[in-house]
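Chain by chain, the residues:
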Amino acid sequence: MDPAVRLRAAVCLLGRFPALAGVDLEVAPGELVVLRGPNGAGKSTLLRALAGLVPVVDGEAVVLGHDLRVDRRSARPRIGLIGHASGLYDDLTVADNVRFWCRASGAPAVDSAAVTDALALWGVAGRLAGVVCGRLSAGQRRRVALALLTARWPDLWLLDEPRAGLDADAQVTLDDLLARARAAGTTVIVASHDDGWAESLGARVVGIVAGTTGSVPAVSAQREPAHVA
Amino acid sequence: MDPAVRLRAAVCLLGRFPALAGVDLEVAPGELVVLRGPNGAGKSTLLRALAGLVPVVDGEAVVLGHDLRVDRRSARPRIGLIGHASGLYDDLTVADNVRFWCRASGAPAVDSAAVTDALALWGVAGRLAGVVCGRLSAGQRRRVALALLTARWPDLWLLDEPRAGLDADAQVTLDDLLARARAAGTTVIVASHDDGWAESLGARVVGIVAGTTGSVPAVSAQREPAHVA
Amino acid sequence: MWRDALAVAAKDLRIERRSRVATHQVLPFALVILVLFGFALDPDRGFLARAASGLYWLAVLLAVVLAAQRAASIESGDGVADAMRLSGIDPAGVFLGKALAVAVELVALEVVLGFGVVVLYGVDPSGLGLLVAAAGLATVGLAAASTVYGALVGGTRVRETLLPLLFLPAAAPVLIAATRVTDEALGGAVVGASVGVGDWLSLLGVFAVLYLCFGVLAYGPLLEDA
Amino acid sequence: MWRDALAVAAKDLRIERRSRVATHQVLPFALVILVLFGFALDPDRGFLARAASGLYWLAVLLAVVLAAQRAASIESGDGVADAMRLSGIDPAGVFLGKALAVAVELVALEVVLGFGVVVLYGVDPSGLGLLVAAAGLATVGLAAASTVYGALVGGTRVRETLLPLLFLPAAAPVLIAATRVTDEALGGAVVGASVGVGDWLSLLGVFAVLYLCFGVLAYGPLLEDA
Amino acid sequence: MNESRSRTGSALTLGLGIAAWSLLALTIGLGLGLPETVEQDVYSRLIAVHPPVAWAAYIAAIVTAGASLVWLVPRTRSETADLVAGASAEIGVVFTGLMLATGSIWGRPTWGVWWVWDARLTTSALMLAVYVGYLAIRRVPDAYEVRARRSAWTAMAAVVIVPVNHFAVEWWRTLHQGRSLAQLTPGDDLDGAFIGTMLLGFVAMTLLYVWLLIHRVRVERMTSRLEDEALADAIEARRAEAVGAN
Ligand code: HEM
Ligand SMILES: Nc1ncnc2c1ncn2[C@@H]1O[C@H](COP(=O)(O)OP(=O)(O)OP(=O)(O)O)[C@@H](O)[C@H]1O
Ligand SMILES: Nc1ncnc2c1ncn2[C@@H]1O[C@H](COP(=O)(O)OP(=O)(O)OP(=O)(O)O)[C@@H](O)[C@H]1O
Ligand SMILES: [Mg+2]
Ligand SMILES: [Mg+2]
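Protein chains in written order, with the numbering used here: chain C, 157 to 385; chain B, 157 to 385; chain X, 14 to 239; chain V, 14 to 239; chain D, 126 to 371.
Worth flagging that the hints you see were computed from the coordinates, not collected in a lab. Backbone N, C-alpha and C fix where the C-beta goes; we use that ideal spot for every residue, glycine too. A few of these clues could be false.
[To be verified] A partial selection of chain C residues facing chain B, derived with a Cβ cut-off under 10 Å:
| id | residue |
| --- | --- |
| 1 | R192 |
| 2 | R225 |
| 3 | G295 |
| 4 | L322 |
[Unchecked claim] The following residues of chain B were derived to be distant from chain V, with all beta-carbon distances above 10 Å:
| id | residue |
| --- | --- |
| 5 | A165 |
| 6 | L188 |
| 7 | H240 |
Next up, chain C with everything else stripped away, as it sits in the complex (with noise of 0.2 Å):
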């Protein structure tokens, strides 16, 4: 059975810039993975080329079956990805927002109990879901997006700092969902700083620097920031 995710040699550039200059990474489906590596190294690129938002203009790279360089577009329904913006309009309310992004990314309908739990179980009910989004805050905003992800529940997660800003309760409910995750069979990749945390899911850890993969550096050995030229 091949892997959810094979990069070998991928190179991405953010304008002139190669962010990612070289990443060999494999990922079994089924499997859970943790990225770490300094600030700047090219984690959330990594995430985005996974996702098809950032070309990849060298190596090999096959997502899903489907290889990125040819085409970008098939395998994104079956992806979901949390990065650090939040993709809501900040015009709507969460309900609507909701409603929303169902209807677009092909996720059970917003009344379907899978929704409303979703909701439940990230604390975005009740009377937040009467609130514009552009005033929630924002480990709110995280909530929301878990949420509908949760909903969605594609074959493939990307999650890019997903603890951040979460508060204690929903770091709980995070580690129940991968728990979770990982029960159904479901890939994910994740991008954290969070060492003790990343251990503690058990999480196979693949280092980055400087764009590419390679042993993760002691805290020490990092001492000398890698993207400072």
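Mind docking chains B, X, V and D with the ligands on chain C? Use the hints.
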């Protein structure tokens, strides 16, 4: 010697919503306080209110000797705020941003030792200095903001989830910085969801729930999230 | 495609209902433009009545720019463009939806502006049938074109300025054609014009169809880059 | 205050040097507007030459809107407004700096547009002294006013649409006065006009002074609420 | 095309250049030889330059669109296509400017003004605006693929102005000359002389355009090659960083 911050039954509105509905907080000069509470409890709003960015509409609010309800501006030059947003111009390079903000915020001159040291400390000197801020990674933006704070070294620091997005290396730098701040008698108020870290700092923890200061609820108690009315 | 289009249009109109940009800002803006024309074209010489149709459509055009900017800025919210691309929603649907929303706002705008012209410039409306036909076609064309260019500049951080630069010249044919038809309808027919109303109407029609097709084809690729 | 002003102006101009919005986009846009006017005001009736001054200033006005939008959007970057307020920089300085930057761009724009009008509308320039005086005062006034309104709408998420709505009517006096003076300079003096050039010039001057003072005083409070 | 690494010239372009310039000289020579017509005296000779320039502008616009189409079709996609589109647009803007200039110079004696609000003239002016806009879009910094696709679609939309401009004279009454080729009356030798020089000029102008285009494209290709090399270095540097960090 009167406190650096004194709030009594302080109330703040966002739109028509009482994001702060009666906060009592007293922070002695040189003290390190960590705010913790569920998402949407009002931590960010509280920090912004202390910085005079959100008007306090009721109760008592004195910061660095200035009554916020009378004058929200006088205290600012002595305050530094690291919020969810970095406050950098996307179209200017790191160097240009630093130059401008040093000029603007009455920090030491851009070529002074203080500034160059701070930039080096946070690893945003060298190559990054020439990169447009819009291209920086999440963590790199944080680093630049923190470097500016370090260079300015105001009397009251308001840090909103300062660790978010920082890599292991930068997290160490942050801890060192907070230690130095404490040694220098600088007052620091941090909002964070990372309990372990708060304890490791040996800070006084203040709990905020639904816009009011109270005892820190246990995680179990939060199962029914505070913001679901 | 069509269901997506409806969902998107509904979404945009709901946002409009909440933020009231079109009704509270674009519309007054257009009226202000009419008044400014009045100032600029020293009325004593009284061109206004005669130039009314041209000014009317010029005001519409400028208002469309604002409407399109608003429509584009809706999609430029934090991470929204990415979410849109990831959602796998049919880009053609998105295009049609957004164009539809803009068109709806435009119709309302044109009606009000019409009254504005009648009152301010003292023209007396006639040949309504013709006017409606012209306005209808022009509206579709402008909505489609502005939506396309909105997507074109959507990705860049200089939307405000780039959109008018690209859109206005492209929309010039609509401006002429609609102006000529309106002249005709108002009885101010240009003597000896080698082309009749029919040709102008068909020009409007061609423009609309052209940009509709163009949008349906190009919107996907353009979204990719946004 | 002045040092702050210079720092801010330098910053804005550096951003302009980097993004080239004014030169590559606002300027062409203004020229397009001139052409469109030619279109809309069916030329054969030939009042273009006579209406030239009005249209010129109208084009300038619309270009100012874009320039101001750009200037405002610079300050709307993530957290920038907060940083500005926290920095304790003198708001009056910020205002003067931003206005200065806009004014610099405006001057260039007006010159180029001037040539455009001469060529396109077939006016032959005369009374340069008068023109320069009018343009100078108008520029200061427009830069100041647009900056003030930029700050006024800066906080809202509907900048694109709200700014023109507020600014254009406020700038109407400039439009009228400048137009009249230009008419005068071009020798197209309106017969029997009750007010002379002097009055119009002083109106421009008053407008400029008024908005400069207003900005210096109001900018701080406006930033607070942004 | 190894030599193009060092120079933008080649035997081909040399020949082209010579042909273009000599033909141009010939055209101008003939043009000056043309009789003065009553109403326009010497200016009627501009017919040797003005229409050809205008057509060259058209060709440039069409080539831009064609190259963009080639780029948009995945199978034929190539960086060269994008470069051709860009270069052709740049040259086209120059020619459009010349068209407007020569036209205005011609208009001054003919119509008594530099400019009239005639359909042809207006659409020509818009043509300039459209392609200035296109170049503006090209200049917006972005990843190569992004920029190329965005520009390509813009070019597809922009080219519509050409037919509009061409038929403007028919679609609505205009002061400007009608499409002379359509109304060429054989046997009238004066007309013949004019038309002849005009066609000669057309050939010359086209050659000139091709010559310029080739050079421009080669320059662009060199710069892009330099960028590629710079990129390779950048990748190396980034990898080196990684090694350094471990
Ligand atoms: C700024 C003013 C002018 C502009 C922008 C302009 C533009 C053009 C353009 C775009 C064409 C190509 C027409 C086509 O084949 O589609 C053209 C052709 C031509 N122009 Fe002009 N023109 C101008 C002034 C004049 C004047 C003043 C004259 C002479 C009285 C003139 C005479 C011609 C002639 C004879 C042709 C070739 C006719 C044909 O076969 O199309 N033009 N001009
Ligand atoms: N135009 C550019 N010029 C120079 N460097 C650039 C440019 N664009 C992007 N970069 C660099 O590319 C990298 C992007 O990395 P990315 O955002 O993926 O980092 P990350 O691993 O997610 O970091 P973080 O942990 O801070 O989120 C950054 O180092 C950034 O400085
Ligand atoms: N217009 C409004 N209507 C309803 N609720 C609002 C409105 N504006 C703000 N709020 C609420 O005010 C609160 C703002 O809280 P704030 O951003 O300070 O939370 P926080 O403690 O920083 O949360 P986090 O830990 O997620 O950062 C949120 O609960 C938000 O839902
Ligand atoms: Mg990141
Ligand atoms: Mg917060």
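Non-conforming hints, listed in increasing numerical order
2 and 7
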